[in-house]
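Protein chains: 2
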Amino acid sequence: MPTAILPMDAAPVGAIARLMHELGKLPGIGPKSAERLTHYLLASDVEQVHALADALHAIKDKVHPCRQCFNLTEGDLCKLCADPRRDASTLCVVEQPRDLASIERAGSFRGLYHVLGGRLAPLENVGPENLTIDALLRRVHQGGVKEVIMATNPTLEGDGTALYLSNLLADSGVKITRLARGVPSGSVLEFANNQMLADALEGRRAF
Amino acid sequence: MPTAILPMDAAPVGAIARLMHELGKLPGIGPKSAERLTHYLLASDVEQVHALADALHAIKDKVHPCRQCFNLTEGDLCKLCADPRRDASTLCVVEQPRDLASIERAGSFRGLYHVLGGRLAPLENVGPENLTIDALLRRVHQGGVKEVIMATNPTLEGDGTALYLSNLLADSGVKITRLARGVPSGSVLEFANNQMLADALEGRRAF
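Chain order of the listed sequences is A and B. Heads up, the first sequence is in this note's numbering, so the first residue is 3 and it goes up one at a time. Heads up, the second sequence is in this note's numbering, so the first residue is 3 and it goes up one at a time.
A couple of the hints might just be wrong.
To be verified - Derived DMTMM-like pairs: lysine to aspartate or glutamate, alpha-carbon spacing no greater than 20 Å straight-line:
hint, chain 1, residue 1, chain 2, residue 2
1, B, Lys148, B, Asp89
2, A, Lys62, B, Glu24
3, B, Lys81, B, Asp63
4, B, Lys148, B, Asp85
5, A, Lys177, A, Glu149
6, A, Lys27, B, Asp89
7, A, Lys64, B, Glu24
8, B, Lys62, B, Asp47
9, B, Lys27, A, Glu149
10, A, Lys62, B, Glu49
What the hints assert, rightly or not - A short list of chain A residues far from chain B (calculated; beta carbon distances all over 10 Å):
hint, residue
11, Pro29
12, Leu43
13, Ile61
14, Ala103
15, Leu139
16, Asn155
17, Ser187
18, Asp201
Said to hold, decoys possible - Listed next, the stretches of chain B that the computed footprint assigns to chain A, with coverage defined by at least 3 CB atoms under 8 Å from CB atoms of chain A:
hint, stretch
19, 51-62
20, 91-104
Source of the hints: derived by calculation from the structure; they are not laboratory data. C-beta atoms are modelled at their ideal positions from N, C-alpha and C, and glycine is treated no differently.
Can you build the whole structure from these sequences, using the hints too?
Listed below in structure tokens is the structure:
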């Protein structure tokens, strides 16, 4: 009976094993995918592999938060904050840059954003001082803002964060709104959960 | 009606868009996965991202084919060729290093390998001169080899390559074999295709 051989032995090379290991840390990439990607990269042009490596270095070397909205940018202000065609009187408050990216992709919002950098999570020791809440209050109190849309995630912590912010902004004279809740477009009711249906009924609108 | 906004605008940053683009070139990683991975990497420690980038550089800078078997290695000989416990009288001929890795992982083969670097594919202009066939013939004719196992892929081109090699080696006095074909262990016959079943019947063995 032969001894089982570890994958390390199969690719008995430090550099190869190291790349598999690093790729395997990425979300959604298991050991099999990491091995497949590594063999793909081993067979790729040196230019393609170096371009990927350089792009990885660049996001850490060049990208930082926008001075105004904390979106990720290479400049001082992000492309959205620097765009005079955007409506500066409406701020959409999101947890993370990826939420901003999702809303931008939907293409119907023309205002500006404010990226909190997370949500209040007392159990994980994330308090108001860990988010960009002070900067948001300053933006609102500087004037020019008419509406703040809470677009935190529809979760317990996201809702809690939105509630906390709406209390802070209650006497600012600015309109505070939040994203509508209901059944997701394109889905079927059969698969909607109780909360989705309760939200959809509660928020029903006249035809 | 608002104009649709491209994802580029959503993450309006050269470095970010470039990483998404490079990740999106990898097999099995579509635009959605590339975006998710990019946001994960943006939120990761700088050390983790640099480790991945360095590992990418390293596979191109340090890894090259083994002098003897053409497996990938950082040394002159690969770990398998350099291991005196391996049986040098049995050569297993595979198309690619990843095939070698698969067989090693199975853990039952104790001989050495020969990596062809592909298979004969006249339609893609891959001829015998593009593979490591001359080196294989030299290894066999140097003596010491008793058996050559053809472990090319069970495809038209893999089979064609094995047939071509077995003709070249016919008068070398070395035993030429190929991997058994049949139904894959752990599968159910219901999903086996006609060729698998035909191979399994043709190669049936006494209990």
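Hints not upheld, ascending by number: Violated hints: 6, 8, 9, 11, 12, 13, 14; rest satisfied.
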